[in-house]
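Visitor: The chain contents come next:
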Amino acid sequence: MKKILNNLLIFAAIGIIFTACNNDNDSFDPSANIPGFYFCNYGTSGVPSTITKYDEENDSVTNSYYYEQNGFKLTSNVQYMYEYNDNIYMMGNDADQIIVTDLTFEKITTVSTDIATPRYCVAKDNYLYISCWGESLDYEKMANSYIAKFNVSSNTVEKTIPVAGGPEGLAIANGKLYAALNYVDSVAVVDLDDNAVSYIVTPAVASYFVEDGSDNLYVALVSTYSDPSTTTGLGYINTSTNTLDTTYELSGVSSGYASILAPNSDCSIIYVLASSYVKIDGEWTQKGAIYSFDTSDKTYSSFLENLTGINGMFVDPTSNDGKIFVFGGESYKEPGTVVSYTTSATKVKEFDCGISPYWAFYLDNE
Amino acid sequence: MRRFVVFILFIIVADSWASNRQPFISLPDTVHLEEVTTVGQLRKFQAGAKIEELSSEQMSFVQEGGIEQLIMRYTPIYIKTNAGGLASIHIRGTSDDHTSIMFGGINVNSLTLGSTDLSNITSFLFDKLEIQYGSSSALNGSGAIGGAIYLGVQNNWTNGLNLTTKYSCGSFGERLYGTKVCAGNGKWEIVTRLLKYKTNNDFTYKLEDGTNATQQNAAIDNKGFIQEFNYLFGPNEYFKSMFWYEDSWHEIQPYSYDLTSTVTELKDDNIRFWGQYCNENHLLKFSLGAGYVRDKEIYNNDPAQRIQTNRLVIDCSMKQHLLANLEYKVGIKYKYIVPDVYSYSDSADLNEHDADLYLVCSYVPFSFLKTTINLRQQLVSNFNAPFTPAFGVEYKWLKQKHNSLITSLNFSKSYRIPTFNDRHWPTSENSKGTPDLKPEEGFSSEIGIIYNYKKSNLKYNLKVNCFYMDIKNWLEWRNDNGPIPKNLEKVISKGVEIHADATFIIGGFVSSFAGNYTYNPSTKIEKEKPDQQLIYIPKHMINAYYNFKYKDFSFMLDGNFIGERYYAYISKTIQKRDALDAYFLTNCILNYNFNVKKQNFVGALSVNNVFDVDYQNQNNYAMPGINFRVSLTANLNFKKR
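Here the protein sequences line up with chains A and B, keeping their order. All residue numbers for the first sequence refer to the working numbering, where the first residue is 878 and numbers rise by one. All residue numbers for the second sequence refer to the working numbering, where the first residue is 54 and numbers rise by one.
Any given hint could turn out to be false.
Computed cross-link-like contacts, SDA-like style, restricted to lysine to any residue with a CA-CA straight-line distance of at most 25 Å [said to hold, decoys possible]:
| id | chain 1 | residue 1 | chain 2 | residue 2 |
| --- | --- | --- | --- | --- |
| 1 | B | K259 | A | S989 |
| 2 | B | K349 | A | S1103 |
| 3 | A | K950 | B | T626 |
| 4 | A | K1164 | B | A401 |
| 5 | B | K259 | A | S941 |
| 6 | B | K582 | A | T1162 |
| 7 | A | K950 | B | Y620 |
| 8 | B | K491 | A | Q1163 |
| 9 | A | K1200 | A | A1222 |
| 10 | A | K1053 | A | S1063 |
| 11 | B | K539 | A | T1214 |
| 12 | B | K485 | A | T1162 |
| 13 | B | K485 | A | L1184 |
| 14 | A | K950 | B | A635 |
| 15 | B | K320 | A | N970 |
| 16 | A | K1210 | B | D523 |
| 17 | B | K251 | B | I679 |
If you're looking for bench data, these hints aren't it; they were derived computationally from the structure.
Construct the entire structure; sequences and hints are all you get.
Guide: Here is the structure:
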């Protein structure tokens, strides 16, 4: 017995020595190199967001880029990220917080006061306007939702403007703030001078906007579980009259909360994520599809079909012939995928990113 | 690891010290994991199946919180849990909806989710907990791919009045108030069980940057009530009924880094009734049972988000000995299910009829050989369920006065019909859900070796079980223009479970030791993807417990090691897997029994997480450090003269 005890003590001592020698130095080497495409991966339950950087010039992909730049991980699931005034603003909604970084993604601060379930943002005159669904989510009508007016100099919420109905995508046009309501068949219009709210009735709930270059807006009209509709597609809002001029119908427009609309650099084409029926093994099956909407002749053309697990797209803004990045993931627990295509839908490159990529942007040196 | 070594050393030293003191004297019949011979006579018709029961002592040691606390401490089963609000069971590398939780003839798993939050089943309310490892679909129907838990109440046919009442008070505002009253005259018996358990869960934990934070919005308040009425007509003829109401409320624990969270709450109301008449006085033994279950869940106090199901269950069975060594049982179980879920389509008739036909047979051709066959076919409206047979054999190699050696083999098919949510939750493709899903189908095989030794003053057991499970059409919610359930290729789970226990007495000391080790690779296999270990399934698990009694004192020390667990998958190009660190927890309990006016009282002091280990069972959910609990139990017995 004594011998066994001695042996066990020796093993225990070896274990302690090896544990003590464990190298816990997670050293990191932040990069100052900014240009590249950045993908915001939402993550999943219990797994916070990550950032993926694609450096096209060096053809390199860096996953967990935020971690690489900071030495710690994000502490929220980021719904949307936005670049303004040489800073990046991430809308984290689990936990609720606005994460502010510089252009290298080095963290500056996080703000959570007066921020409840942030979704999306736009900026004007040193203010971010942030759509928030509020506390105690009411998935019938989103009665407690609001727009937070966030001062980017002081990093504080200066005012909250109640806008019921679950504002999702935002746009600023003609001096007014437009909020796509995701739980009511309307677009809210907020007068930025007096914060008065008016509404444009839509045939379906709305999700995101694209500004057409002449201060008018295309808005995605979608059918959702809580508010189904048969009239989906792109609505055209005349911001001078605040009316929905036309609806360009397209069935099966994605109701996802990601980059389902992606304009090219001059907004001559808007890519729309939707669905289409394709024949698989002799049976018509509904699959994901991307359509290109020509803003001149107002027609849709099929761009890609038979897609699975696509969340969104992003178009290289540096050229009209720029690549279209299509991203998504079949699983909520596995890395997602980014595939780039030419404007003629020829596949160029594919790489893996974090779980559930939702949004992307491009940063250059300027 | 250091703590684990210290823990094992302590047990060895304590045992060796004790063994050197006194010669052995007679041995009581106390073991930690006993063979089951009670609820449903499980083993009788399942030769080769691994079925264990937690001892009443273990049950009495851990009565606070849900049954997951018991399972985590005393069995080789992984429970994925946060700080008490949500606990899901993963037997042998399977999912939480692959374990049936049986209460009488009712599987209490939610019909919408397919699983049960074990933290809502408070152990104080039950007298027994039996665990079947491996597939039992042939016996229990859909869902029992990984195993089954049997919640049991003990019928003593009380003659007089027994009252047990318990109060316990612990760290972080934990309180338990429990009462059991049994009254009867030896023929009829009325048993009432009441419980209230609450905790504020406002423990302190460490953030990644080393600073401390206090857990907020993770309170729990559970109330339970079981009412039994039983009548004994005569030997082998009785009527039993159980009504169980559970009111479970908890705040959904926020992530450890969410320091500004607001309260989000979940409330479950469950009504379960089971009544059974049994007459075994004739050649053809007969049993008829009927039950009703209503499960209701409300998210964040919003009645618009109601998830409710109602079901009626009728179970009729007969069994007969055709020969002295050949017995069969045949039965039918019928269920009528009415779902009421806010998101399901109103345009479809979702009410479901469900009938199970089963035949089980036990044949003992020789005293050293036992064989069983189980056959089951479920018929479900609007769905095709597979036929599930099972075959088991036990062979006694050695049967001597003091020791025995048994080898067992078991093969079975199993299945799980997709849950109501899987089939009816609207998707972007179909507002009526995903009706064309296939059932998950499993095949499992198992070999076991059991060695028992028992002499007047020493008893020990060694069990080794090796298992292999192949589950096709594994269901997972995937992203295809929104969430949608899909059948994946398959999951293969295999492994080894080793159990050892020993009990002996030295002078006035009673000393017991038991330990489990599990090795369980459980691999997801999909085309064009790397094969990989399932998330939240540890490959290695160890638990051990040591119980030491002297006169009116008893002391239990237990420890469990949970190996590394992945919490996300990899792809062909992203090979680095994120994993939670392994951890080792140690708990101890000191009990003191005393009598006042011939009535028994038990005082207890528990220390949990003795070494104040900072760990996470589930990614980004904080867990409590060292915590304390004191309790007083009164067992009052008023027998009729």
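Visitor: Confirm or reject each hint.
Guide: Each hint tested on the structure:
Taken as a hint, the K259/B and S989/A pair is honoured in the structure, with Cα atoms around 20 Å apart against an allowance of 25 Å. Simply put, K349/B and S1103/A have alpha-carbon atoms about 21 Å apart, close enough for the 25 Å limit, and the pair holds. Between K950/A and T626/B the CA atoms are separated by roughly 21 Å; this keeps the pair inside 25 Å, and the hint holds. With a C-alpha separation of about 24 Å, the suggested pair K1164/A and A401/B falls inside the 25 Å cut-off, and the hint holds.
Among the hinted pairs, K259/B with S941/A is consistent with the structure: their alpha-carbon atoms are about 23 Å apart, no more than 25 Å. Distance check on the hinted pair: K582/B and T1162/A sit about 24 Å apart at the alpha-carbon level, within 25 Å; holds. The straight-line distance between the Cα atoms of K950/A and Y620/B is roughly 15 Å, inside the 25 Å bound, and the hint therefore holds. A hinted pair counts as satisfied when its Cα atoms are at most 25 Å apart, and K491/B with Q1163/A qualifies at roughly 19 Å.
Taking the CA atoms of K1200/A and A1222/A, the gap is about 9 Å. The hint holds against a cut of 25 Å. A hinted pair counts as satisfied when its Cα atoms are at most 25 Å apart, and K1053/A with S1063/A qualifies at roughly 16 Å. Of the pairs offered as hints, the one joining K539/B and T1214/A holds, with about 19 Å between alpha carbons and a cut-off of 25 Å not exceeded. Restraint check for K485/B and T1162/A: satisfied, since their Cα atoms lie roughly 15 Å apart, inside the 25 Å limit.
At roughly 22 Å between alpha-carbon atoms, K485/B and L1184/A fall within 25 Å of each other, so this suggested pair holds. Of the supplied pair hints, the one linking K950/A and A635/B holds, its CA atoms being roughly 20 Å apart against a limit of 25 Å. In summary, the hint linking K320/B to N970/A is supported, as the alpha carbons are separated by about 23 Å, within the 25 Å threshold. Our distance criterion of 25 Å between C-alpha atoms is met by K1210/A and D523/B, whose separation comes to about 22 Å.
The straight-line distance between the Cα atoms of K251/B and I679/B is roughly 18 Å, inside the 25 Å bound, and the hint therefore holds.
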